[in-house]
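The primary structure of each chain is shown beneath.
Protein chains: 2
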Amino acid sequence: MPSELENCMEGMIKVFHRYADKDGNLNRKALRELMENELCNFLKSQRDPAAVDKIMHDLDANKDGLVNFEEFVSLVVGLSIACEQCYKVHMRKGPK
Amino acid sequence: MPSELENCMEGMIKVFHRYADKDGNLNRKALRELMENELCNFLKSQRDPAAVDKIMHDLDANKDGLVNFEEFVSLVVGLSIACEQCYKVHMRKGPK
Chain L
1 MPSELENCME GMIKVFHRYA DKDGNLNRKA LRELMENELC NFLKSQRDPA
51 AVDKIMHDLD ANKDGLVNFE EFVSLVVGLS IACEQCYKVH MRKGPK
Chain R
1 MPSELENCME GMIKVFHRYA DKDGNLNRKA LRELMENELC NFLKSQRDPA
51 AVDKIMHDLD ANKDGLVNFE EFVSLVVGLS IACEQCYKVH MRKGPK
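If you're matching them up, the sequences are chains L and R in order. The opening position of the first sequence corresponds to residue 1 in the UniProt record's numbering, with each subsequent residue numbered one higher. The opening position of the second sequence corresponds to residue 1 in the UniProt record's numbering, with each subsequent residue numbered one higher.
Hints in this document: simulated from the structure, not taken from any laboratory. It is possible that part of the hints are untrue.
You can't tell identical chains apart in this list, so a pair holds if it fits in one copy or across any two.
Stated by the list, open to error - Listed next, the in silico DSS-like pairs over lysine-lysine satisfying Cα-Cα at most 25 Å (straight line):
#1 Lys63 to Lys14
#2 Lys63 to Lys22
#3 Lys93 to Lys22
#4 Lys54 to Lys44
#5 Lys93 to Lys54
#6 Lys22 to Lys44
#7 Lys54 to Lys29
These figures come from a predicted structure and were not determined experimentally.
Please put together the full structure from these sequences, using the hints given.
Given below as structure tokens:
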């Protein structure tokens with residue numbers, strides 16, 4: 001049976017491929033859909049209506065107008081690291 | 001309710017902190033425990049008995065003998081990218 005961490009890794013891959021085309025890429029529209037459905041709390045916190053476009057620009061390291069899994073993971077990592085900082089602060093204060 | 005992707009991010013943080021000390025670091029022993037419990041399929045595929053030591057050395061970017069969350073995530077990312085490559089090949093052949 002896969003471990004919790006293995007399930008997380010599988011989850012990231014599955015979510016990505018739910019929105020990606022058959023070559024494993026997200027175009028701008030697909031990235032917007034993924035973020036609206038899967039990262040809506042983060043997207044709500046971004047008050048800039050051009051947030052998705054800016055994120056697309058930042059993620060698309062090879063500037064082909066598409067986001068592949070490797071580029072997508074860097075978004076997930078950035079958000080996870082930010083969340084972990086909050087988690088540590090919260091745990092130091094003690095869970096309620 | 002958190003999305004599947006948000007659950008994955010939370011899962012990575014929770015698994016890491018199950019093994020980390022109160023400052024949010026894994027020493028060599030804790031990294032070994034985490035890998036044995038949470039990445040045992042990967043660890044089994046590494047026939048080198050010094051695999052964990054080598055991974056520790058590679059992950060510990062700031063060479064303090066400890067792996068923090070940021071360093072840990074780079075392992076998870078590397079494994080996820082490798083898994084995604086296999087997933088794509090598998091999906092092209094068509095799921096059974």
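Hints, one by one, checked against the model:
Proximity of Lys63 and Lys14 under a CA criterion of 25 Å is satisfied intra-copy only: 24 Å inside one chain copy versus 34 Å between copies. In this homomeric assembly, Lys63 and Lys22 come within 25 Å of each other (Cα to Cα) only inside a single copy, at 19 Å, whereas the closest approach across copies is 41 Å. Taking CA atoms no more than 25 Å apart as the test, Lys93 paired with Lys22 passes between copies only; the shortest distance there is 12 Å, against 46 Å inside one copy. In the homo-oligomer, the alpha carbons of Lys54 and Lys44 lie at most 25 Å apart inside one protomer (15 Å), although the nearest pairing across protomers, at 41 Å, exceeds that limit.
Proximity of Lys93 and Lys54 under a CA criterion of 25 Å is satisfied in neither setting, with 34 Å inside one chain copy and 35 Å between copies. Taking the closest pair of Cα atoms, Lys22 and Lys44 never come within 25 Å of each other, the shortest separation being 29 Å inside a single copy and 31 Å across copies. In this assembly of identical chains, Lys54 and Lys29 lie within 25 Å of each other by CA distance solely inside one copy; the values are 13 Å within and 41 Å between copies.
The structure does not agree with the numbered hints 5, 6 stated previously, though it agrees with the rest.
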